[in-house]
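Colleague: Taken in order, these protein sequences are the chains called A and B. Just so we're aligned: 13 in the working numbering is position 13 of the first sequence, and the numbers increase by one with no gaps anywhere. Just so we're aligned: 416 in the working numbering is position 416 of the second sequence, and the numbers increase by one with no gaps anywhere.
Be aware that one or more of the hints could be misleading.
Label-pair distances were calculated between CB atoms; the ranges are [claimed, not checked]:
{"hint": "1", "chain 1": "A", "residue 1": "Asp92", "chain 2": "B", "residue 2": "Val800", "range": "35 to 41 Å"}
{"hint": "2", "chain 1": "A", "residue 1": "Met81", "chain 2": "B", "residue 2": "Val752", "range": "51 to 57 Å"}
{"hint": "3", "chain 1": "A", "residue 1": "Glu71", "chain 2": "B", "residue 2": "Val800", "range": "15 to 21 Å"}
{"hint": "4", "chain 1": "B", "residue 1": "Gly766", "chain 2": "A", "residue 2": "Leu96", "range": "23 to 29 Å"}
{"hint": "5", "chain 1": "B", "residue 1": "Thr744", "chain 2": "A", "residue 2": "Lys86", "range": "41 to 47 Å"}
{"hint": "6", "chain 1": "B", "residue 1": "Leu786", "chain 2": "A", "residue 2": "Ala66", "range": "22 to 28 Å"}
{"hint": "7", "chain 1": "B", "residue 1": "Asp754", "chain 2": "A", "residue 2": "Met81", "range": "15 to 21 Å"}
{"hint": "8", "chain 1": "B", "residue 1": "Gly766", "chain 2": "A", "residue 2": "Ile65", "range": "42 to 48 Å"}
{"hint": "9", "chain 1": "B", "residue 1": "Val752", "chain 2": "A", "residue 2": "Leu96", "range": "50 to 56 Å"}
{"hint": "10", "chain 1": "B", "residue 1": "Ala784", "chain 2": "A", "residue 2": "Ile65", "range": "43 to 49 Å"}
{"hint": "11", "chain 1": "B", "residue 1": "Asp754", "chain 2": "A", "residue 2": "Asp92", "range": "53 to 59 Å"}
{"hint": "12", "chain 1": "A", "residue 1": "Arg84", "chain 2": "B", "residue 2": "Val800", "range": "47 to 53 Å"}
{"hint": "13", "chain 1": "A", "residue 1": "Leu96", "chain 2": "B", "residue 2": "Gly741", "range": "25 to 31 Å"}
Computed far set for chain A versus chain B, every beta-carbon distance over 10 Å [unchecked claim]:
{"hint": "14", "residue": "Glu35"}
{"hint": "15", "residue": "Leu62"}
{"hint": "16", "residue": "Ser88"}
Everything labelled a hint here was simulated from the structure, so no lab data went into it. Just so we're clear, the structure is a prediction, and the values are computed from it rather than from any experiment. Every residue, glycine too, gets a C-beta built ideally from N, C-alpha and C.
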Amino acid sequence: MLLNQFLLLAAVLFCIGVYGVIARRNAVMVLMSVELILNAVNINLVAFGRLHDVVFGHVFALFVIAVAAAEVGVGLALVIMIYRNKSSVDLDQVDLMRG
Amino acid sequence: MLSTLLGQFSVIGAAAGGPVIESSGWLMENVWIIPFIPAVAFALIIMLGKKLPKGGAEIGMASILAVFVLSVLTGTQWMSARDKSVPETGNEEAAALVVDVGDAGDVVGDVDASVDPVDDAGLEGEADGVAAPEDGLLVGTGGGTGGTETAQAADAVSGGVVSTSEFETAADADGEGGGGQFLPVVRDWTWWDVGGLDIRVGTMVDGLTVMMLVTVGLVSALVHLFSLEYVKGDSRFTHYYAFLSLFTAAMLLYVVSSSLMQMLVAWELVGLCSFVLIGHWWEDKNNTDASMKAFLTNRVGDIGLLVGVTILIVTLGTSDVLEINRLALSGGASHLVLLVASVCLMAAVASKSGQFPLHTWLPDAMAGPTPVSALIHAATMVVAGVFLIGRLYPVFWEGLSIGTSSFNLMAVMGAFTTIMAGLLAFVQRDVKKVLAYSTVSQLGYMVMALGVGAWGAGMFHLFTHAFFKACLFLGAGALSHACHHSFDMKAEMGGLRKKMPLTFWTFIFGTGALAGVPPLAGFWSKDEILAGAWAGQENGYPIIFVMGCVTAFLTAAYMTRVIYLVFFGEYRGHDTPHDPPFVMAFPLMVLSGLALFAGFFNLPNTSIFEGLPSNIQERFLHYVEPTYFEAFPLVDHSGFIPWIAVLSIFLGIAGIGLTAMYYRKCIALGVTELPDGPTSRNKLAAAGYTFLENKYYLDHLYTGIIAGGTKGVIARATNWFNSNVLDGIVNGVGKTAVKGGDWTYKNIDQGVVDGAVKGSGALSSGMGQVLRHIQTGKVQQYGALLFAGVTVLAAVFIVVV
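One chain only, chain B, in its complex shape (with noise of 0.2 Å):
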């Protein structure tokens, strides 16, 4: 199985790189073509869009159909390639491939079977036996097999570019149940050499990766169809669909990144796009307001990157994020080090995925139009932290001691998080501003995740969660096109179950998943968090656990609140609400019917769904979690615990339960609120409820006290150095300027260059005057006076020789 898949190397070598796509590992060479697509599409809609028919999101819309095609395409790559990885058998069939692969070497003949340092570690760290998993990471996999290896350079494809790729497989020596290891297809290129520092640029595809560009890929085709209607007639429309265009590039380089410094550039590209288009609208005001806020923000967390990521390259001396992920895990920089740099990338983590402090930003993003809300603010941008610590795991797992405490910065920055932001979803009246707090509470469960040590959880999550969330922004989008451009709950919807069906259901889909109603996807991958914070590493996460089991009960709540509002009681608005045309409707099909069938692809791996067959549990795991352990660290599988699941059904009902009641009662009043609700009675829930509809201050600690306090400050230091230290300088500048003017004016100008000037005049006419009396015309005493001359000359020649 090992030499076809190099034979179909060979094939595609032979054809120089032609469009074999369906063959395995072409593409995943050559993701680069993946991002590139629509960083052409950018520039082709901003130069020609607007004289297209349609404004130039025809280009868009067959820019993102490729990349969602081809992402896909790279995704069975990938599956193809890591099925065959793992041998099946054991070790005759091992020691077959390794002859397999000779031969297949042989035969391609400038198939480099070289070994690069990478491949060596790999080898050899392999036959010392690198612990595996517990129990079932690779389900299928037999007894131990002895390494196997394959290493090829991809200058039969690409034809002497500097380049690398290589399929390694080895199962482990000790067959503990297996354990195969499979490195990242990875293709790189020197972009920069400086004082032997040798930054790279290039791509890097596993499974992290290919979830993402599928994940991105569909969201954003999803998002482009949706535009088609929702923004049709802007003022704007080619320049919306140009940086929707941008905007999926920079995220698709984002995640093919192989290198720290590739990653910063399309991290900061991302955020650009992400200003541009919250500002979309920006003769309003608050737009622009919203997209500074948003961009500033990030500027803080930004620096956190940039000094975050400058420390793992100066200290390991490589941009390679493979390598250095490799160094973190072996000891090539010292836990302080990996302390401090991961605490610097949390800020950047804090401010690009909406982590408290830096959580304020994102509700204000709602400024922008929804279809960017649901892609940029809800399933992709917002991840890009989320990604930067899964890409960076080792690194945090070190330097913030995941695996070995029960209390970390990570973890308890997301469990906040995730509590506040739910607690902040229940006083908002607009339904988008719910979806938005939604958002950082989800975000905040991501990284509560992957702070307990729960990786595959924490993924699977941002996967599933960027269906629903995706799908329920989208629906948010359908109500306020049909409720004339509102998102305000309480004085605007209500009732629209039975005018908007279509758009109900949806909504019902995305909501019951996001609240964790088994089977939808947010039900499996909500479980598996709480399961890994209760039972994950070492010592588990208890507190962690109990925050993340609040969570689950607040969200069921407060999305049950918004159904309710939304949804149910009486019509508020004034106008007739109707269903979306199918552009706005399809994209809700497809994203809801992910909500409902996206957590089957991480079904756990238990005794309930024994009779189903062993192979379609905890694929997701199975493909995306990667498996080379020198680059990866060894976490714990806390598998399917049953109380967990069933206390997290419990919670979820519970919430939805309460809530219910609740507004069953405001619906028999015709009231949103009710009149004697506990806001009215207790002094306590009033406090409360003040305190949240201000979000805890955060913004005027920002804006009133830190900016304002440093503001006040600076501007009046700076006023006091302008006008005493820079105006005085300037004046006395000035002054002394003047004063000497005045006095070259009246000592030169007047007295030397005048006197000059005026003394030669006078002197030549004096001597004018003088001459003149000699100037009788008269040649003779011309002649006279020449022989005088003469005598007088020649008298003193002889005197003096």
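In isolation and in its complexed conformation, chain A is listed as follows (with noise of 0.2 Å):
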């Protein structure tokens, strides 16, 4: 089986995510690249179910996807109070947080 590939297109994708939630300044693209890891994972998830045969990985990306359903929810929940508050989904300027 071609696992090789499928683990590679995961990783290209993990690390498109990555980047894309590191180097986004825009919160709704930051979110997408979160999708974007989770589905990497879903990959990954569902070949090693088929390499061995059962059938968790697939309940498992199951999972995973109404679970992401649920966080990008609330995740836009919050981009939309963002905006509402400062008029901008810019990250830069959300650091309430600084110490």
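Hey, can you piece these two chains together into the complex? The hints should help.
Modeller: Take a look at the structure:
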């Protein structure tokens, strides 16, 4: 089975996601990058599930998708609140937790 | 007759201890009731007394009357049982008796005819023929008979309590004029049992016990009555009556004890009550000093008692008085052990019964209220020591070789005490002090009598002395009641004969009895003692006899002095004395009556009284002297010796006459002592007077030299030890502690603890300073760091694994 290709794909997606989380300023883009990371994981889960011919990987991936949907819901709500307060979604301006 | 006795038992058994007290035996078995009543009265008076209209005196009076009545009933039970124990006819009758006994046992059913070891020994020893006393111990006893014996467990009476009571009668098989054996009624329980040593507690009734019960009961009842008036209005009236009751309870418990350990407890209780009552008016320092002195002096003797009792219990393996007596006689303990034990017990006797050299507390004890002096320090408590000798007589008999020697510790101690105290009585101004020394002297007489083997005479003197001395003391109380609470004969009294005729006459009877004027009580008992000293045992005690005669003379003389100083001449006080009211007069009359008649309880068995019926002679000896010869030595009875009786009458009259002559001159001159008396003419007499006035310097010896000497040395040694050793330790510990504290403060506290606290503070604040720069508040930066960290961990993971 072409496991390596799946893993490679997942790794690439993961890296893009990480890059997006760290480097993008737009909060919406950061959320989308998080989705990329999660989907990279999903690919891994399904790939290993297939490899071992068990169903756990798929089940777990379904869970992750569900949780990710919820997460995006919460995240977008936060973004809307930030936007309402600051009229911007630039993460650089959100540094209220600075020590 | 024996079967009737048992029949009565069975009736009582059926009634399960009902109040059928007129039957013989019930009270003798349940004699614990007698001390129990005043003990309960004590508790009631202490708790409720103050709320009652008479301050608790009514409870005390009721209890003591009950005690007196029960004591007399016990006495009559004993006497009837004792009479029935003596078979009056020959063998056939005795044999019939045995059958009777068997029948009775069958009829009663649960009367167990089991025979305990004592009984066994009793019977068999009897068959071997214990020699009977020579003359007339048991009046009215016929020829020899076979042994008859009844024993019954008291289960029928008491329902399952561990108890035995036995009536044993056995007549001497040899038949030399009789010699019945009659065991005391014993009922006891195990008190505690340790290491195989069974310490028992219980009651024992024999002639000596019932004699003491009646004496204590009567004197105590009269003193209770007398006190109603004498301590009326006292601030601690209730307290006074409570302790009179407790004292009575303790004394009664003491005399009914069947066990040495129980006697020890009661002895101490008696001492405690004495302490409390002497110090009754404790507001005055003299009184508290006197009570302290009495208590501490008694403690000295109590050590002797404790050691003696321990020796006896441990070596003989039993605490039972009868058993100890039996073992002492049958060689159950070596002579040395008995000697040591009896010397230790003599120390106890010396302290409680005021024998030389521990007598000094007794005159000081007169600081207590006068009825207390009458009850405790004349009639009852002080005879506890004499009673102890009487109770454990076989121990002393063997230990001090009373029967075979002609000189022993007990006789010498008694004889010396009696003369010494008699001399001291001459120089006292205080009428109670004269009586106190007279008490010491008479107690010496009793101890002397026991020391020469005249057991019966000693106990008889105890009996008669209790009455006439209580009479004299209560008389002195009446005198002081009339003469504004003073006892000073020379300053406050004189010429009271006309003013207080009733007190005068009762006092005269008491004095006559004490001085040995026939036919008053003291004459008979004193005469018996002198006869016993002269011809009592194997060798007789001639030296002791002479000392006894000297004392008889001295006693008559000093009592005459008291009579003259108090009742003759001119009244020297400043008031109008009068006879006491009835409640005080009644006890005086009863006691003076007994001083008159008590001597007839033991009329000598001699040809002079041939006309009298034989069964009124030597009644006291018949009922009181033990006849169980396994547990009582074979005392030789001297009988009546006419020339000794004449001598003692002569000595008494000489004492009275010479003193009377001297004081007649004084009265003629209107003074209390002749201005040119022997003390002012003769240097030796003056020196003797000073010597006596200072009480042989014994008090100086005790408090000044012995106590002072030891006190100083001990105090200095203690002080040195205290300031050097103890203080050194304490100071050292303190200094070390301070230094340790300093060091700990400087190093541990300031350095380590504070360092850690401050260090951790500084560390966190420093770390905060450093780390606050990382906390930018930018989420992406945090994310980047997170991923960096994860990357590093992953790298480590890969490298390591």
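Colleague: A cut-off of 10 Å on Cβ-Cβ distance, and serine 88/A was said to be off the interface with chain B. Does that hold?
Modeller: holds, 15 Å
Colleague: With respect to the beta-carbon atoms only, verify the hint that leucine 96/A and glycine 741/B lie 25 to 31 Å apart.
Modeller: violated, 53 Å
Colleague: Does the Cβ distance between aspartate 92/A and valine 800/B fall inside 35 to 41 Å?
Modeller: holds, 38 Å
Colleague: Please check whether the beta-carbon of glutamate 35/A is more than 10 Å away from every beta-carbon in chain B.
Modeller: Fine: 15 Å to the nearest Cβ keeps glutamate 35/A off the interface.
Colleague: Measuring from beta carbon to beta carbon, are arginine 84/A and valine 800/B in 47 to 53 Å?
Modeller: 49 Å Cβ-Cβ, so the 47 to 53 Å window holds.
Colleague: Verify the CB-CB distance for valine 752/B and leucine 96/A against the hinted window 50 to 56 Å.
Modeller: The hinted range 50 to 56 Å is violated for valine 752/B and leucine 96/A, with Cβ atoms some 42 Å apart.
Colleague: Starting from the range 53 to 59 Å, see whether the pair aspartate 754/B and aspartate 92/A falls in it by beta-carbon distance.
Modeller: violated, 45 Å
Colleague: Tell me if the beta carbons of leucine 786/B and alanine 66/A are separated by a distance inside 22 to 28 Å.
Modeller: This hint holds: roughly 24 Å between Cβ atoms.
Colleague: Can we confirm that no CB of chain B comes within 10 Å of the CB of leucine 62/A?
Modeller: Label holds. Min Cβ-Cβ 25 Å, cutoff 10 Å.
Colleague: Is it true that the C-beta distance of glutamate 71/A to valine 800/B lies inside 15 to 21 Å, as the hint says?
Modeller: violated, 33 Å
Colleague: Quick one: are methionine 81/A and valine 752/B within 51 to 57 Å, going by C-beta?
Modeller: holds, 52 Å
Colleague: Given a hinted range of 15 to 21 Å, is it respected by the beta-carbon distance of aspartate 754/B and methionine 81/A?
Modeller: violated, 49 Å
Violation of the numbered hints given earlier is confined to hints 3, 5, 7, 9, 10, 11 and 13; the remaining hints are satisfied by the structure.
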